[in-house]
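Peer 1: Okay, here's what each chain looks like letter by letter:
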Amino acid sequence: MELLIKNGFVYDPLNGVNGEKIDIAIKDGKIVDKVNERKARKIDASGMVVMPGGVDIHSHIAGSKVNAGRLLRPEDHFKDFEPKTPVTRSGVGYSIPSTFTTGYRYARMGYTTVMDPAMPPLEAKHTHEEFNDTPIIDKASYPLLGDWWFVLEYLREGKIEECARHVAWMLNATKGYAIKLVNPGGLEAWGFGHNVHGLDDQVPYFCITPREIIRGLSKVNRLLNLPHTIHVHTNNLGKPGNYVTALETMKCVEDLALENKPVIHITHCQFSAFKGDDWRTFESGAEEIANYVNAHSHVTMDMGQVIFTDTTTMTADGPFQYNLYELSGNKWVNHDVETETSSGIVPFHYKRKSYVHAVQWSIALELALLIKDPWKIFMTTDHPNGGPFIAYPKIIAWLMSKKAREKTLKKINPKARARSLLPSIDRELGFYDMAIMTRAGQAKALGLKSKGHLGVGADADIAIYNFNPETTDPSKKYKTLRKAFKRAAYTIKDGKIAVKDGEVVKHVEGATMWLDVQTSEPVEITEEMKRRFKEYWTVEYENYPVTEHYLEVSRPILVKADV
Amino acid sequence: MITLYPKKEFKFPIIADCINPEVFQNKKPEEIARLSVWEGNKQKKLAELFNIEETRTENPSGKEVITIKGDVGKVRRIGANMKEGEIVVYGNVGMHLGEEMKGGKITVHGNAGGWAGSMMKGGTIEIHGNAGDYLGAPYRGCSEGMHGGKIVVYGNVGNEAGAHMRKGIIKIYGNAGQFAGFRMRDGTIYVEKDSEGRAGACMTNGKIIVGGFLESVLPTFTIDSVKGKVKVEEDETAQGPFYLFLGDLTENGNGKLYVSKTKNPHLSHYERLL
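Protein sequence lines, in the order shown, are assigned to chains E and S. All letters in the first sequence, in the order written, are residues 0 to 562 by numbering that gives the first Met the number 0. All letters in the second sequence, in the order written, are residues 0 to 273 by numbering that gives the first Met the number 0.
Derived from the structure by calculation, the hints contain no laboratory data. Keep in mind that the hints are not guaranteed to be accurate.
[Claimed, not checked] Calculated pairs, DSS-like style, for lysine-lysine (alpha carbon to alpha carbon, straight line, at most 30 Å): (1) S:K101 x S:K166; (2) E:K495 x E:K475; (3) S:K166 x E:K330; (4) S:K44 x E:K83; (5) S:K228 x E:K78; (6) E:K482 x S:K82; (7) E:K352 x E:K478; (8) E:K410 x S:K166; (9) S:K41 x E:K505; (10) E:K158 x E:K482; (11) S:K228 x S:K170; (12) E:K410 x S:K226; (13) S:K166 x E:K78; (14) E:K330 x E:K402.
[What the hints assert, rightly or not] Calculated Cβ distances over 12 Å to all of chain E for the following chain S residues: (15) P12; (16) C17; (17) K26; (18) W37; (19) H108; (20) M118; (21) K120; (22) V225.
Remember, it's a predicted structure, so these values are computed and weren't measured experimentally. All C-beta atoms in this analysis are idealised placements derived from N, C-alpha and C, irrespective of residue type, glycine included.
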């Protein structure tokens, strides 16, 4: 099918297009130079903003932790349900929507690619089954490898190449996309009731430190030529004073950067930018982090914006979730995934009137506005940890309009308001910056070559928003802006119109992307490894890998490794 | 004043949030007839299920009064979120009656289903028959219980009445099922007759008064004293004597559980601990 989008204001930062009126031609799911204008179906986008489909680098949308969260919180589904329509299925869930609803809601906001950032390798099959049921959006998942026994042992013995081969096998076995580290070393320690508190703490029984794990896996990442950097959830996350740990984490891989290319992605950085000694002296460390990031180019990060609402926190960081449970007294799930990782879930309500929550809200916006280069920081809520992803239009309004920020500032805790840096920041992002923070930058950081831009050959994933930047000032009319981003005028996925006027009009399958890493010699599965599978796992080695037929729409990405 | 008559005996559950004095206020009967409700998985108009009749009467308050005559035991969420006005039902009524209501009054001359007055914040619900389980309790999994208002039941109620309650008062003039006041944080629950047991499990504060038989008090409660009478609300006092227990100690709670002394001679062994 041929499609022609005419007269829209196009924002395509990867190709340097900034609000120019360009027609976009689509043929067979790809963007092409031109199509037969008489035959093609035309979309009149005059007075509208045209951007590449949204890309989300970090959003917990599938797998066993999300499912456990759903089971834990029936009350989350009770108030937010969607009846079925002739095209869509019914679904439930506010902070942890069911699979189909997740796909529809992302698509309605113009998003077409979403990465799930935490997949315990043992639960990979579950994650992929849920991916299969998540329509419209393309997705991929990062296996948790920072506390995986084999990795820890290889790194301890300094066997980087062996470790790289093992990770290549793991990525293939789990059909994963990037190396994820959560509280490196801390999760293994948590298995024994401990935690690590800094980069140089010893992981019990493993004679290795978080610093060695981060550096080791960063080297592995480069040996394998993976498209995305290591994706790191720092140690000490969620604790006052942890901005020091975040800075150290970024510093510890400084020397591994080549040609100023990013080598580390610090995820939901807001949760790692806390200053102060305890919750009473708690403050924002955004300025320090922003100063560092402005001066260095080997880091990318995402915001982890807090939204004032009732949500569900879920991470592989078991000890952090235990602390949160003690803090909130709420219900709690904790889980130890054999030799791989841990996880925890706690429902949480962010309140405007709470000092700590209001400061957290402020931190993420400070980070996004103080970091000068939008290619370094991306918009996320760490769904559902900071808030559900349906709040993205709100964040866009906050970033693009000082007036919107001030309106919320007026309603938050007065002490937090007095200490917030936001009143002193006048910066208001434009559509070009926003397009970087919500799609182009994220796609670039992920190494997704055919996503996040509208150049010839790119996937025809396009979002059109009904907002006229010529006649309307987004910084004044932020409510109109919010509305436009909440319900995209059109979401086009693979050249098919999936959403029109904020309603899903067509069921489109989304693909599951994964890395097919090719090492020079095939990874050998030793007898020793099989023996250990027998000994330590509840799953036999033969049943462990996810075969390709598990993925309904499989999109392998070939990567040639240096080992 | 609007009167609704069910057109038939309902077979499927009906979700009717729109039966709410605020929604009906200043609407003509034709407009009311067009309000949408769900019958099973079909969206319908109110007039397809009910005969709607408008009667003009003296109504000094100016607030809408809705009267329902007939059995609406399958109709859920009547009066949900209402802030003012009045609903009177002559017949049984379904689940989630007056859910999250903030003001106004609902009177039921019949039985009510589960979750009546669930998560309510204000207003009054009066049920002249029996009420189902989870009276004034939140939906499963939620800890935001009743925040205020008043529920009066003249018949019996099911299990978990007043679970997670934070404020307000529940008066039950019949018997209560198990787990009355489960995890309650504050407020008052008065049960004039018997309680099936486990009253006040995990309560941290608030007051539960059992005027009838209670088979046993949970072992996580400690006896405090014997009281002659207990105040239920401003102008109502329950005559004792009552044993006063404090708990639930597993939650470091300081809730008060009053149990009638005369109706529960089997609890007399607690007296030696005083």
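Peer 1: Does each hint hold? Answer for all of them.
Peer 2: Right, here's what the structure says about each hint:
1. S:K101 x S:K166: This hinted pair holds, its Cα atoms lying about 13 Å apart.
2. E:K495 x E:K475: Distance of about 34 Å is beyond 30 Å: violated.
3. S:K166 x E:K330: 22 Å, holds
4. S:K44 x E:K83: Distance of about 18 Å is within 30 Å: holds.
5. S:K228 x E:K78: With Cα atoms ~42 Å apart, K228 of chain S and K78 of chain E exceed 30 Å; violated.
6. E:K482 x S:K82: 28 Å, holds
7. E:K352 x E:K478: Between K352 of chain E and K478 of chain E the Cα gap is close to 23 Å, so the pair holds against 30 Å.
8. E:K410 x S:K166: The hint holds at about 26 Å.
9. S:K41 x E:K505: 22 Å, holds
10. E:K158 x E:K482: Given pair K158 of chain E, K482 of chain E is violated - Cα atoms ~53 Å apart, limit 30 Å.
11. S:K228 x S:K170: Given pair K228 of chain S, K170 of chain S holds - Cα atoms ~16 Å apart, limit 30 Å.
12. E:K410 x S:K226: 47 Å, violated
13. S:K166 x E:K78: Satisfied, since the Cα-Cα distance of roughly 22 Å is no more than 30 Å.
14. E:K330 x E:K402: The hint is violated at about 37 Å.
15. P12: The claim stands: P12 of chain S keeps its Cβ more than 12 Å from every Cβ of chain E (closest is about 14 Å).
16. C17: 16 Å, holds
17. K26: 24 Å, holds
18. W37: 8 Å, violated
19. H108: 29 Å, holds
20. M118: Violated, because the least Cβ-Cβ distance between M118 of chain S and chain E comes to about 10 Å, which does not exceed 12 Å.
21. K120: Non-interface label on K120 of chain S holds, nearest chain E Cβ at 15 Å vs cutoff 12 Å.
22. V225: 33 Å, holds
The structure is inconsistent with the numbered hints 2, 5, 10, 12, 14, 18 and 20, although it conforms to all the rest.
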